[in-house]
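S.K.: Protein chains in written order, with our numbering: chain A, 1 to 105; chain B, 106 to 262.
One or more hints might be untrue.
[Claimed, not checked] Straight-line C-alpha distance at most 16 Å; calculated EDC-like pairs for lysine to aspartate or glutamate:
#: 1; chain 1: B; residue 1: K165; chain 2: B; residue 2: E199
#: 2; chain 1: B; residue 1: K159; chain 2: B; residue 2: D236
#: 3; chain 1: A; residue 1: K78; chain 2: B; residue 2: E211
#: 4; chain 1: A; residue 1: K86; chain 2: B; residue 2: E140
#: 5; chain 1: B; residue 1: K159; chain 2: B; residue 2: D235
#: 6; chain 1: B; residue 1: K160; chain 2: B; residue 2: D188
#: 7; chain 1: A; residue 1: K71; chain 2: B; residue 2: E208
#: 8; chain 1: A; residue 1: K71; chain 2: B; residue 2: D215
#: 9; chain 1: A; residue 1: K78; chain 2: B; residue 2: E208
#: 10; chain 1: A; residue 1: K100; chain 2: B; residue 2: E140
[Unchecked claim] Coverage of chain A stretches by chain B, computed from C-beta distances (three or more under 8 Å per stretch; other residues unrestricted):
#: 11; region: 58 to 68
#: 12; region: 72 to 82
#: 13; region: 87 to 101
These are computed hints drawn from the structure, not numbers from a lab.
Predicted model only: the values in this text are computed from it and were never measured.
For every residue, glycine included, the Cβ atom is placed at its ideal position computed from N, Cα and C.
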Amino acid sequence: MTAREIAGKVVDFDDEGFLSNPDDWNEEIAKVLAGEVGIDSLTDRHWKVIEFCRADFQARGEPPTLRRITKTGGVPTKELYSLFPKGPAKKVARIAGLGKPTGCI
Amino acid sequence: MTAENGDRKLAIICSKGTIDMAYPGMVLANAALMEGIDVTMFFTFWGLDIVNKKKMTHLKATPLGNPSMGMPNLVSVLPGMTDLASAMMKKEIEKLDFPPVDEFLEMISDAGGKMYGCKMSMDMMKLTKDDLFDGVDGVIGAMEFMEMSEGAQVIFV
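Based on the sequences and whatever the hints tell you, model everything.
M.R.: Dropping the structure here:
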């Protein structure tokens, strides 16, 4: 675990760069994390995905699978891959301040 | 971390058409895409059933000669046993929130996975590109597959 300053706040990250505590997350942190994985600006559609993931995590205690984001969150697969290109599963979880996703789908 | 995957490429050869051989290839392809890895799937011999529009939603699993499924062969030969085992397996797959074959291929295609039918197998089975799932990108020979999979890690299912 490493603590670092991000968006004016010192927070803990795990060894793979995911926020250790989802409660430390805020929108400013999300913007910086997005920039770190190559997404320079977060659009309404990005936020829709991020907010769904945060809410789903609150309700179920684990980051949603991509299948859940498409099926329940209502963002089609194609769009999800264009919003978060090259590896959407981890990018979404990282930006949403959740742990590394473990689902296989 | 995703960014480290850079130009990683995966090629998956699907050569069998039973449910239990179709899913591993699709699950791995989808997992690779979710991870930012470039994916090419090559369907050959019975693996073509996975992308055959007429067959893809009716794939079966048979307990006959498969000790892992725990049904004695003498029972497995009875009429209806393959259908029963197939229905049970499909139900279990659905419970885990994995989609049926057609929807799964759609997902893989939407996620940018490339799919190809094997020319020789298709000639042998008298199939044309029109018989295959719309997301299939083309029909190619083994040598073209070799070119395409240059530098890729290859998985044979």
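S.K.: Work down the list of hints and note, for each, if the structure agrees.
M.R.: Outcome of the hint check:
1. B/K165 / B/E199: 15 Å, holds
2. B/K159 / B/D236: Given pair B/K159, B/D236 holds - Cα atoms ~7 Å apart, limit 16 Å.
3. A/K78 / B/E211: Since the Cα atoms of A/K78 and B/E211 sit roughly 10 Å apart, the hinted pair holds (cutoff 16 Å).
4. A/K86 / B/E140: 7 Å, holds
5. B/K159 / B/D235: 11 Å, holds
6. B/K160 / B/D188: Distance of about 14 Å is within 16 Å: holds.
7. A/K71 / B/E208: 12 Å, holds
8. A/K71 / B/D215: 14 Å, holds
9. A/K78 / B/E208: 13 Å, holds
10. A/K100 / B/E140: Holds - the C-alpha atoms of B/E140 and A/K100 are around 12 Å apart, at most 16 Å.
11. 58 to 68: holds (count 4)
12. 72 to 82: Since three or more residues must qualify, the claim that chain B covers the region 72 to 82 of chain A holds, with 4 doing so at under 8 Å.
13. 87 to 101: Check passed, 5 qualifying residues.
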